[in-house]
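S.K.: Protein sequences, first through last, are from chains A and B. Take the first sequence: its position 311, counting from 1, is numbered 311 in my numbering, and each next residue is one higher. In my numbering, each residue's number is its place in the second sequence (first place is 1) plus 353.
Take the hints with a grain of salt, since some may be wrong.
[What the hints assert, rightly or not] Derived SDA-like pairs: lysine to any residue, alpha-carbon spacing no greater than 20 Å straight-line:
no.: 1; chain 1: B; residue 1: Lys454; chain 2: B; residue 2: Tyr529
no.: 2; chain 1: B; residue 1: Lys419; chain 2: A; residue 2: Ala270
no.: 3; chain 1: B; residue 1: Lys506; chain 2: A; residue 2: Val4
no.: 4; chain 1: A; residue 1: Lys297; chain 2: A; residue 2: Glu248
no.: 5; chain 1: B; residue 1: Lys419; chain 2: A; residue 2: Lys299
no.: 6; chain 1: A; residue 1: Lys3; chain 2: B; residue 2: Lys373
no.: 7; chain 1: A; residue 1: Lys274; chain 2: A; residue 2: Ala292
no.: 8; chain 1: A; residue 1: Lys3; chain 2: B; residue 2: Val508
no.: 9; chain 1: B; residue 1: Lys506; chain 2: A; residue 2: Pro2
no.: 10; chain 1: A; residue 1: Lys3; chain 2: B; residue 2: Glu505
no.: 11; chain 1: A; residue 1: Lys192; chain 2: A; residue 2: Tyr161
no.: 12; chain 1: A; residue 1: Lys3; chain 2: B; residue 2: Pro509
no.: 13; chain 1: B; residue 1: Lys373; chain 2: A; residue 2: Ser181
no.: 14; chain 1: B; residue 1: Lys419; chain 2: A; residue 2: Ala342
no.: 15; chain 1: A; residue 1: Lys3; chain 2: B; residue 2: Gly410
no.: 16; chain 1: B; residue 1: Lys419; chain 2: A; residue 2: Glu267
no.: 17; chain 1: B; residue 1: Lys433; chain 2: B; residue 2: Asp421
no.: 18; chain 1: B; residue 1: Lys419; chain 2: A; residue 2: Met334
no.: 19; chain 1: A; residue 1: Lys72; chain 2: A; residue 2: Arg42
no.: 20; chain 1: A; residue 1: Lys3; chain 2: B; residue 2: Lys506
no.: 21; chain 1: A; residue 1: Lys3; chain 2: A; residue 2: Val184
no.: 22; chain 1: A; residue 1: Lys192; chain 2: A; residue 2: Lys214
no.: 23; chain 1: B; residue 1: Lys454; chain 2: B; residue 2: Gly442
no.: 24; chain 1: A; residue 1: Lys72; chain 2: A; residue 2: Arg162
no.: 25; chain 1: A; residue 1: Lys234; chain 2: A; residue 2: Lys288
no.: 26; chain 1: A; residue 1: Lys299; chain 2: A; residue 2: Arg269
no.: 27; chain 1: B; residue 1: Lys501; chain 2: B; residue 2: Lys512
no.: 28; chain 1: A; residue 1: Lys3; chain 2: B; residue 2: Ser382
no.: 29; chain 1: B; residue 1: Lys419; chain 2: A; residue 2: Val343
no.: 30; chain 1: B; residue 1: Lys490; chain 2: B; residue 2: Ser382
no.: 31; chain 1: B; residue 1: Lys433; chain 2: B; residue 2: Ala462
no.: 32; chain 1: A; residue 1: Lys214; chain 2: A; residue 2: Cys96
Simulated from the structure, these hints should not be mistaken for laboratory data.
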Amino acid sequence: MPKVLMKGNEAMAEAAIMAGCRHYFGYPITPQTEVAAYMAKRMPKIDGGVFLQAESEIAAINMVIGVASTGKRVMTSSSSPGISLKSEGLSYLAGCDLPALVVNVQRGGPGLGGIQPSQSDYFQATRGGGHGDYHMIVLAPSSIQEMVSLTVKGFDLADKYRMTSMILADGTMGQMMEPVSLDVGEVKTYEKPWALTGTKCERKPNIVNSLFLKPDELEIFNNERYKKYAEICKTEAMHEEYRMEDAEICIVAFGIAARVAQNAIDEARARGIKVGMIRPITVWPFPKEALAKAADKVKAFIAVELNMGQMIEDVELAIRCRKPVLFCGRSGGMIPTTEDIAVKIAEAAQIGG
Amino acid sequence: MNTKILIAGFGGQGILFAGKFLAYEGLMSEKEVSWLPSYGPEMRGGTANCSIIISDGLIGSPIVDKPDILVAMNAPSFDKYENDVPAGGAMYLDSSLIERKTARTDVNAHYIPATALAGENGLNGLANMIMLGNVIKHSGIMTMDSAKAAMEKLVPAKKQEMLGLNIRALELGYNYKGE
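Just need the whole structure built from these sequences, with the hints factored in.
M.R.: Okay, structure coming up:
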């Protein structure tokens with residue numbers, strides 16, 4: 001299939017359709033509105049396709065809960081303030097063990113913030129977002145091609161583990177265009193014996209519920225869920241290494257930050273500084289093992305983020321603070337420049353091995 | 354080759370479309386490309402800009418902060434980005450809307466009265482393509498044949514009447530001899 005030029009937002013929407021999603025509920029907000037616009041155009045032309053602009057983000061996520069409980073692939077998307085509104089629903093999805101795909105094309109916060117790109121919802125995404133003990137699988141694309149592949153992967157993991165997958169993108173990834181192949185390969189489907197599809201008086205009713213008033217019962221559900229999370233941490237963490245073979249300094253960055261870091265690494269390498277990168281593709285589960293291994297070899301890490309310092313805590317946890325972790329970040333919609341990163345690389349290079 | 358291009362001007366001048374055209378030609382020539390627009394309120398009037406990278410190798414950051422080629426289509430954009438062009442870079446300025454010349458002597462500056470040329474030739478709204486025609490002529494980032502082929506693919510069937518006009522605008526800029 002020849003490559004096409006698409007915006008990240010549009011590529012995610014098309015990938016969702018290719019992954020079998022036929023239900024999309026959304027509400028416009030910059031910089032993710034093209035997801036909804038694309039779905040509005042495409043869904044009515046597809047057999048069984050539903051596009052619905054809800055009256056609010058809260059309504060949209062509750063519609064997602066409804067469709068998810070029938071076992072159909074379903075999606076919603078928003079940007080930071082909208083995701084906060086959806087957070088109650090995210091907690092309910094977790095409490096009901098329902099699969100869904102939620103997209104966050106992040107913008108600067110807190111509050112209404114701004115509309116420029118940000119990664120300041122990292123804590124919110126990787127710690128669940130809403131109330132209660134739970135996680136979502138959080139995928140962080142750094143190219144338009146990955147926006148396609150991770151959207152498909154997100155649906156797959158959501159069904160496989162009966163939980164929410166989130167695509168954690170940002171304004172840059174949503175708005176930029178790159179050549180992309182829409183060849184997504186074979187899409188796996190899953191049996192869903194738990195789904196609410198009507199008993200036809202042939203089976204016992206299924207129940208989807210997140211209310212358990214007996215604490216010992218609720219604890220059992222939480223324990224089961226955390227067994228599942230432990231399994232996911234063991235098997236589903238994804239990362240990519242860039243020029244790490246002989247690296248003495250390891251940059252850790254995801255999404256657009258990793259793209260800028262790549263330029264900074266190439267420039268530093270040209271000056272003879274041995275620096276590489278570990279790019280988390282899943283930020284939950286976090287690729288702890290790769291980082292722990294890198295900590296045996298490198299003398300310092302640099303976390304590069306579009307925020308005031310959030311993922312850096314996961315880096316420090318993963319390496320058990322065995323090596324110094326420097327921070328390079330901008331916030332509010334600003335993006336670190338290669339020069340910003342070069343300053344930190346020079347600082348790290350001064351650290352004694 | 355790795356060419357970083359920044360196109361900037363008013364909303365409504367076709368800045369984003371001009372960038373899309375360059376990116377599309379790169380895609381058709383099997384190069385790596387990235388296109389990153391400014392988005393938000395400035396798209397609805399005010400300033401708009403668009404970063405394009407066309408490269409033989411993989412592209413890291415899609416953000417262009419030091420453009421090899423700056424296309425400025427209004428005075429505020431020229432003021433904002435004039436000093437971001439590295440030595441040896443090129444700037445293409447719509448001299449109908451930008452009255453001053455650059456004081457820099459370490460860059461190649463091209464002055465094209467694109468908005469006036471568009472008006473005189475019945476190509477209103479296509480100053481963007483007149484500018485790019487001149488970029489193609491001096492930068493060698495693509496051939497005119499390849500540019501025309503990309504335009505044929507890019508202009509939707511519903512707007513076929515725009516195809517000839519866009520190509521005429523490209524040619525006008527390409528053949529413009531300078532002031």
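S.K.: State for each hint whether it applies.
M.R.: Status of the hints after comparison with the structure:
| no. | hint | in the structure |
| --- | --- | --- |
| 1 | B:Lys454 to B:Tyr529 | 18 Å, holds |
| 2 | B:Lys419 to A:Ala270 | 18 Å, holds |
| 3 | B:Lys506 to A:Val4 | 12 Å, holds |
| 4 | A:Lys297 to A:Glu248 | 7 Å, holds |
| 5 | B:Lys419 to A:Lys299 | 32 Å, violated |
| 6 | A:Lys3 to B:Lys373 | 15 Å, holds |
| 7 | A:Lys274 to A:Ala292 | 19 Å, holds |
| 8 | A:Lys3 to B:Val508 | 18 Å, holds |
| 9 | B:Lys506 to A:Pro2 | 14 Å, holds |
| 10 | A:Lys3 to B:Glu505 | 17 Å, holds |
| 11 | A:Lys192 to A:Tyr161 | 11 Å, holds |
| 12 | A:Lys3 to B:Pro509 | 18 Å, holds |
| 13 | B:Lys373 to A:Ser181 | 18 Å, holds |
| 14 | B:Lys419 to A:Ala342 | 16 Å, holds |
| 15 | A:Lys3 to B:Gly410 | 16 Å, holds |
| 16 | B:Lys419 to A:Glu267 | 14 Å, holds |
| 17 | B:Lys433 to B:Asp421 | 15 Å, holds |
| 18 | B:Lys419 to A:Met334 | 17 Å, holds |
| 19 | A:Lys72 to A:Arg42 | 18 Å, holds |
| 20 | A:Lys3 to B:Lys506 | 14 Å, holds |
| 21 | A:Lys3 to A:Val184 | 12 Å, holds |
| 22 | A:Lys192 to A:Lys214 | 27 Å, violated |
| 23 | B:Lys454 to B:Gly442 | 16 Å, holds |
| 24 | A:Lys72 to A:Arg162 | 12 Å, holds |
| 25 | A:Lys234 to A:Lys288 | 10 Å, holds |
| 26 | A:Lys299 to A:Arg269 | 16 Å, holds |
| 27 | B:Lys501 to B:Lys512 | 16 Å, holds |
| 28 | A:Lys3 to B:Ser382 | 12 Å, holds |
| 29 | B:Lys419 to A:Val343 | 18 Å, holds |
| 30 | B:Lys490 to B:Ser382 | 17 Å, holds |
| 31 | B:Lys433 to B:Ala462 | 16 Å, holds |
| 32 | A:Lys214 to A:Cys96 | 16 Å, holds |
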